[in-house]
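Given two chains presented individually in distinct reference frames, assemble the corresponding complex, making use of the accompanying hints.
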Amino acid sequence: MAAILHRLLNNKPGWKGFTALTNTEAQQLTADNKPQVVLLGSGISTAEERELRTFFAGFPNVKVIQHYGGGSGLLYNEIQQVLS
Amino acid sequence: MAQSVLHKENMRGHANHGWLDAHHTFSFANHYNPEMMNFGVLRVLNDDRVAGGRGFGTHPHDNMEIITIPLTGSLAHQDSMGNSSVIKNGDIQVMSAGTGVYHSEYNADPDTEVNLLQIWLFPNKKNVTPRYGQQTLDLNERHNRFQQVLSPNADDEGVWIHQDAWFSLGSFDAGFETSYRIRKEGNGAYFFVIGGKVTVNGQELDTRDGYGVWDTSEISFKAETAGAEVLIMDVPMQLQ
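One line per chain: the protein sequences are F and S, in this order. Here my numbering is used: position 10 in the first sequence is 10, and no number is missing along the way. Here my numbering is used: position 66 in the second sequence is 66, and no number is missing along the way.
Be aware that a few hints might be false.
As a list, the in silico DSS-like pairs of lysine-lysine whose alpha-carbon atoms are at most 30 Å apart [to be verified]:
(1) S:197 - S:8
(2) F:12 - F:63
(3) S:125 - S:184
(4) S:197 - S:222
(5) F:12 - S:126
(6) S:222 - S:88
(7) S:197 - F:63
(8) F:16 - S:222
(9) S:197 - S:126
(10) F:34 - F:63
(11) S:8 - F:63
(12) S:197 - S:88
(13) S:126 - S:184
(14) F:16 - F:63
(15) S:126 - F:34
Label pairs and their in silico Cβ distance ranges [claimed, not checked]:
(16) F:51 - S:218: 43 to 51 Å
(17) S:88 - F:58: 51 to 59 Å
(18) S:53 - F:24: 26 to 34 Å
(19) F:24 - S:218: 51 to 59 Å
(20) F:53 - S:204: 41 to 49 Å
(21) S:237 - F:83: 53 to 61 Å
(22) S:204 - F:65: 34 to 42 Å
(23) S:199 - F:60: 47 to 55 Å
Counterexamples of contact, computed for chain F against chain S with all Cβ distances above 12 Å [said to hold, decoys possible]:
(24) 24
(25) 30
(26) 31
(27) 41
(28) 55
(29) 57
(30) 67
FYI, nobody ran anything at the bench for these hints, they're computed from the structure. What you are looking at is a predicted structure, and each value in this text was computed from that prediction instead of being measured. C-beta atoms are modelled at their ideal positions from N, C-alpha and C, and glycine is treated no differently.
For reference, chain S alone in the conformation it holds in the complex (with noise of 0.2 Å):
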C-alpha cells in the first residue's frame, strides 16, 4: 500500500537575510526539524529568492548532487573547474561536488529578484570526481506531460548525476489529469508545486507544497488550475 508525506508549504522553514529570502523543505543551515530532513537520498530543497546583483560568494562543496533550476530571473555561476555560466528560467544545471568544488552564485541582474529551486540528492558513490553540467529545455515539451530533466544516465533525456534518480517538469491546463509511474523500485516521488493547484493521489496541493509517495508504482495526477506546474523528483528511498 502507498505511504506518503504532506509538507504544506508553512511547514517549510524560513530565512531572511535581506538579499536572500529562502525557504527550506527541509531542514538546512541552522533551521533544524528532526521530522523534515529528507526524503530518500533528497536531502535539500531550497526555494531562494536573492536580490538583484546579490549572491553566494565563492564556497566549498563535497559528496553532494546539486540542482538549480531556475524558476524566474537569471543566476551566474563560476567555479573552480573553470566553468562560468548564466542560467535561467528553463535551463537545468547540475553540479556534482565529489572530491570537493568550489563556486559561486550570483543574481545577474542588477535590479531583478531570481526565484531559483537548488536540490541537494546525497551521491550513489562517494568521492567522484566534480563535475559540471547544464542544459536548456524546450518549455514546450512539458505541456501536459511530465518532461524529464534529470537522470542517471549521460545519454538520457536531461542532464545526468551520480544518482538513481529521475527529475520531471511539467505545465498543465485545469482539470487535465494523468499518472506518474515511479522510475526504479525503491524510489518513491516527491511531487513539488511550483505554481497553482493539483491533485496527487487524491490529496489536495497547494503552491509550493510537496508530497512525497512511495512503496507504490504507479501515482494519480490532476491539475486543478490553468498553468498548474510540478516538479517530480523520483529517487530512491534507502541511503546507498
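One chain only, chain F, in its complex shape (with noise of 0.2 Å):
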C-alpha cells in the first residue's frame, strides 16, 4: 500500500512524496524534508500514532491529517483540502 501511495503522490505535478513504515524512518524523513503534510495511514497503533503527533508538534508549519480509503479515491482530495 505504501508503494501505491508513494507513486501516486510522485505522479502528481509539483508534489514530491515519501512514504514510511516506521516512526523512526517518518521523524527522518520529517527532518530532513520538512513537509508540508503528513497523511498518517492504517495500521499506526494509538501509542505510535500519539508519538508522532507529539514529535510533528515541534514543526509547526507540518499539517498532520488522516489519510483514508487507502488509494486514490480520497488522497489528492486530503491533500488538496489540507493545502486551501
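Spelled out as C-alpha cells, the structure:
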C-alpha cells in the first residue's frame, strides 16, 4: 500500500512524497525534508500515533491529517483540502 | 428547524475514461469541489458505469466502510481476504477496509454495461479487522416502503458496518406519500434519487439528485412518478 501511495503522490505534477513504514523512518524523513503535509495511514497503533503527533508538534508548519480509503480515491482531495 | 442541502444531478463531478463513466456526488479522485466534500460521515457517492468486461484492477483500501449497490448488470469481486463473488441488481455488498485490504471489481458480463453505486462512509472505529459481506435482498420488500438494507447491527435487517448508519431502498407508485424517521439523534438523512421524481420535505428532486436533511426527526416523502426509486443514507453528521 505504501508503494502505491508513493507512486500516486509522485505522479502529481509539483508534488513530492515519501512513505515511511516506521515511526523512526517518518521522523527522519520529516526532519530531512520538512514536508507541508503528513498523512497518517492505517496500521499505526494508538501509542505510535501519539508519539508521532508529539514529534510533529515540534514542526508547526507541518499539517498532520488522517488518510482514509487507502488508494487514489481521496488522496488528492485530502491534500488539496488541507493545503487550501 | 430542519436544515438541508441540495445536490442537483448536474452539480456532480464527471469523469469519462471510456471504459468507466463516473459521476461523483462528492469530491473524489481528481474532482475537487470544497463545497461538496461530504454529508456527515458519508464521504463518497459514486455513480459508475463500467463497460462490458472492464473494471478496476487490484487496488488497496483502508479505514473506510465501502458499500456497493449494483443497479443494472453484474459485478465480479475478488479480494485479499479470499472472497470471490458476482453481485447484481438486488444485491448489496459491504467491505470494512480497516487495517487494509486489496480487491478488484470487474464487469462480469463481456458485453453489457454495469451501473453501480459505490458509497464510502468514514468508520466509527479505525484499524478494524477487514471484513466482507453481501446479501441478496427481496425486491418486493421495497414496494411503497423503505426497505432497510444496511445497519450497524449484525443481527438486524441487511448488511452491517462499523458506523451508526442505516440505509434504505424504496420503489414507489406515483402519488404514494409517507415519511422517513431518522434512526438516531445526531444523524441526518441523505436522499439519492435512483430514478423518477420525488418530493422530500417539499423539495422536488429528479433522477440522480441528492438531498440531505438534518436537525429534524421526521422527513416527508412523496413519489411523483410511477416506479420512483430512492436510496436513503441515514448517517451521523459528526465525524467520530
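Residue 197 of chain S and residue 63 of chain F: Cα distance at most 30 Å?
Violated, at roughly 44 Å.
Looking at residue 24 of chain F again, its CB stays over 12 Å from all of chain S?
About 20 Å separates residue 24 of chain F from the closest Cβ of chain S, which puts it past 12 Å; holds.
Please verify whether residue 34 of chain F and residue 63 of chain F have alpha carbons no more than 30 Å apart.
holds (11 Å)
Holds or violated: residue 16 of chain F to residue 222 of chain S, with C-alpha atoms at most 30 Å apart
At roughly 51 Å apart (the allowed maximum being 30 Å), residue 222 of chain S and residue 16 of chain F break the hint.
Pairwise beta carbon distance, residue 237 of chain S to residue 83 of chain F, judged against the given window 53 to 61 Å
Since the Cβ atoms of residue 237 of chain S and residue 83 of chain F sit about 25 Å apart, the hinted range of 53 to 61 Å is violated.
Cβ separation check - residue 55 of chain F to all of chain S, threshold 12 Å
holds (19 Å)
Okay, residue 53 of chain S versus residue 24 of chain F on CB: inside 26 to 34 Å?
violated (46 Å)
Does the Cβ pair residue 199 of chain S, residue 60 of chain F satisfy 47 to 55 Å?
Hint holds: Cβ distance 50 Å, inside 47 to 55 Å.
How does the Cβ-Cβ distance of residue 53 of chain F and residue 204 of chain S compare with 41 to 49 Å: does it lie in that range?
Given about 47 Å between the Cβ atoms, the range holds.
Within 30 Å, alpha carbon to alpha carbon, are residue 197 of chain S and residue 126 of chain S?
Violated. Residue 197 of chain S to residue 126 of chain S sits at ~38 Å, over the 30 Å cutoff.
Does the structure keep residue 197 of chain S and residue 222 of chain S at a Cα separation of 30 Å or less?
OK: residue 197 of chain S and residue 222 of chain S at ~9 Å, within 30 Å.
Assess, step by step, whether the Cα of residue 8 of chain S is no farther than 30 Å from the Cα of residue 63 of chain F, and give holds or violated.
violated (33 Å)
Hint violations for this structure: numbers 7, 8, 9, 11, 18, 21, 27 and 30, all remaining hints satisfied.
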